[in-house]
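Chains as they are written, first to last, in my numbering: chain A, 1 to 137; chain B, 1 to 313.
In case anyone wonders, no lab produced these hints; they're calculated from the structure.
Ideal placement from N, C-alpha and C gives every residue a C-beta, glycine not left out.
You may find that some hints are simply not true.
As the list claims (entries may be wrong) - Here chain A is said to cover these stretches of chain B; the calculated rule only asks that three of the stretch's residues, wherever they fall, bring their Cβ under 8 Å from a Cβ of chain A:
#1 19 to 27
#2 32 to 43
#3 50 to 56
#4 103 to 114
#5 135 to 144
#6 238 to 252
#7 268 to 279
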Amino acid sequence: MISLELYNYWVVIFLMMAGFYILITSNHLIKKIIGLNIFQTSVFMLYISMGKVAGGTAPIAVEGVSNYSNPLPHVLILTAIVVGIATTSLALALVIRIKEAYGSVQEDEILEMDQIADHGKAEDEDNQADSSGASSK
Amino acid sequence: MLVFTTIAIVRLRNLFAIVMLSGIYSLLLANIFVTLDAVDVAFTEASVGAGISTVLMLATIGITGYDIKARSNIRRLVPLIVVSITGAVLVYGTMDMPAFTDAMAPIHQHVAPRYIIDSPQEIGIPNMVTSVLASYRGYDTMGEVIVVFAALVGVLSLIGIRETKVVPNYLEPPARPILQVMAKLMIPFIILFALYVQFHGDFGPGGGFQAGVIFSVAIILYTLTFSQYDGMRLMPPKILKILAASGVLIYGGTGIWTILKGGTFLNYSVLGDTSVAGQHLGILVIEFGVGLTVATTMMLLFFAFVSRGDSKR
Numbered sequence: 001m002i003s004l005e006l007y008n009y010w011v012v013i014f015l016m017m018a019g020f021y022i023l024i025t026s027n028h029l030i031k032k033i034i035g036l037n038i039f040q041t042s043v044f045m046l047y048i049s050m051g052k053v054a055g056g057t058a059p060i061a062v063e064g065v066s067n068y069s070n071p072l073p074h075v076l077i078l079t080a081i082v083v084g085i086a087t088t089s090l091a092l093a094l095v096i097r098i099k100e101a102y103g104s105v106q107e108d109e110i111l112e113m114d115q116i117a118d119h120g121k122a123e124d125e126d127n128q129a130d131s132s133g134a135s136s137k
Numbered sequence: 001m002l003v004f005t006t007i008a009i010v011r012l013r014n015l016f017a018i019v020m021l022s023g024i025y026s027l028l029l030a031n032i033f034v035t036l037d038a039v040d041v042a043f044t045e046a047s048v049g050a051g052i053s054t055v056l057m058l059a060t061i062g063i064t065g066y067d068i069k070a071r072s073n074i075r076r077l078v079p080l081i082v083v084s085i086t087g088a089v090l091v092y093g094t095m096d097m098p099a100f101t102d103a104m105a106p107i108h109q110h111v112a113p114r115y116i117i118d119s120p121q122e123i124g125i126p127n128m129v130t131s132v133l134a135s136y137r138g139y140d141t142m143g144e145v146i147v148v149f150a151a152l153v154g155v156l157s158l159i160g161i162r163e164t165k166v167v168p169n170y171l172e173p174p175a176r177p178i179l180q181v182m183a184k185l186m187i188p189f190i191i192l193f194a195l196y197v198q199f200h201g202d203f204g205p206g207g208g209f210q211a212g213v214i215f216s217v218a219i220i221l222y223t224l225t226f227s228q229y230d231g232m233r234l235m236p237p238k239i240l241k242i243l244a245a246s247g248v249l250i251y252g253g254t255g256i257w258t259i260l261k262g263g264t265f266l267n268y269s270v271l272g273d274t275s276v277a278g279q280h281l282g283i284l285v286i287e288f289g290v291g292l293t294v295a296t297t298m299m300l301l302f303f304a305f306v307s308r309g310d311s312k313r
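In isolation and in its complexed conformation, chain B is listed as follows:
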């Protein structure tokens, strides 16, 4: 299925269809991740790939136009040969790789046994993905959060957010009563689900990244079905910018807090009475920081693209 979708994306000319197909592609990929036991990753891919990324792409093609003109000096043969040769070399390279699902593969020998065997006792939470993400590899995750924040700063400095001061005339664009009522019914549950994913991420699949994306989806749905003005009044971009920065601050601040408590940077064991309680508290706090940054970043990105499109009209 994934392969067929990819072929369709390669062949198609209509950008709208391509963007929709790439959303389907992400959803299929999420299904494959579930069958490969990567529930957290599937969760993220479904909400990010099929949700936010499709919306942002659509907002962009709304500005740039739908059709792809054929290149005048078209040459398909040379790229095809280059791609085939590269692919053949890579296939040759896989001949030495360990077989699929082989438990003795080198990837499972290094640090993974420690994560699997020790982490439920050391960290005290059953979801190993969360404990590796937030505790063992806390530095990495902090770097990722900073990258997300930096991308936000980049987008804002490139296209910025144009806040609409004008109250929209509610007669045009035509009112969408069915969509608006349905959205009002859905949004509380989406937000509730986001909070559940945020604070239950220690035990089940989920965590700050997924929760942040789901939360922002609720606001995006509101903005899409009502208007940009309503969305920005609900979540003023000025406040969102401060919140996005403070999410990073919470993460880094937790690191400083652990140093002040006498530990090393991001070693949460010193935060609580026992090491496990400290780990638990630390993970909860930094996951909150992650969720805050991701949610506000996604909302700001959406506002930036949408407001750019509207001001062109």
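For reference, chain A alone in the conformation it holds in the complex:
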């Protein structure tokens, strides 16, 4: 049962897990976004590789050809790529705002600052106001 017939899925899984690993381990927010992008492209690969048919050609009708690859995954992924860049830019915009508010894009430094902001005033029960005060400075 185990053969090279399934290798496209394994490449996809490797890429997906590499993206996942970057997302977990990296400390820098932009590197995290790149990890998320790799995760996303692995899904693109999955769809496109499933649409491929042996001996098929690109889904543009030509006389004398009857064997085409499946156009449906192409459509879904084409729009997904453009939506992907739009959402990535939204994430990058958030990173810029975080940089301006905290002066850092390292995850551990930001968490530390949040800790200080939350527990610096020990009696203050209104943590929400505290952290928003820190981010708007």
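Chain A is fixed; fit chain B onto it per the hints.
Showing chain B alone in chain A's frame:
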């Protein structure tokens, strides 16, 4: 190759190198898409992934800084174990999947035969990807365009565009004569190519999404080689914002138009004398709407990031 690039991205610390490698990664991915027959997708990935996304990433790291400091309490083993177990479970899951390039796989049995066999007659255009995108799944595509527009609204409300009123001193930053002349030579051809991709998308690979991105690349190239002030004078952000919204309006308006003509929402068959002519007209109009929104959105995103970086300096 893709796998090696990914490993390099995982290992590297220098953010600039990582961003460049992710551009290369996108280009490799586009090549793989071509070999997998997905020409439209490869087109999009090459222009979006290797082009716009790299530029936006570079603009961001220009603001945030290049170096990655190591995490103080570093633990690599636990994430590695988690990732390995998840991967192993997924590999186990693939054992039941149909083999690669199997023509009898379930994915090819449902609606795909109808798209492949009927669409050249029903819609009258040879590129099945365009006919599925614009006609059969027109609702989906409208949703995607609205998502792109919503992301633009989000970015603008988060960081906004700071229009530079000051005329730049052309002596500094130092003039780049070679780049500027080359860019001037390239830009007309890039725009021509974008228009070709836009209006030839029915017959060859291409369409509104790709054309919009390519068009915006021409303007981005101009802004990069000249200055932000010149770029914004050429394409004033105020006008771009109106155009981005009107692209969505054109798409939705076409849907309303088909209703007024007595059809259902986005059923273009009623627009022309014959059903095929109506489909053709409808696809052309909504692809134009898509192209308009995508092009202006990409330009506005670029202006937003770049102007943010410059105002910090």
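Evaluation of the provided hints:
1. 19 to 27: holds (count 4)
2. 32 to 43: Result for this restraint: holds, n = 8.
3. 50 to 56: holds (count 3)
4. 103 to 114: holds (count 6)
5. 135 to 144: holds (count 4)
6. 238 to 252: violated (count 0)
7. 268 to 279: Violated, because only 0 residues of the stretch 268 to 279 of chain B bring their Cβ atoms closer than 8 Å to Cβ atoms of chain A.
The structure does not agree with the numbered hints 6 and 7 stated previously, though it agrees with the rest.
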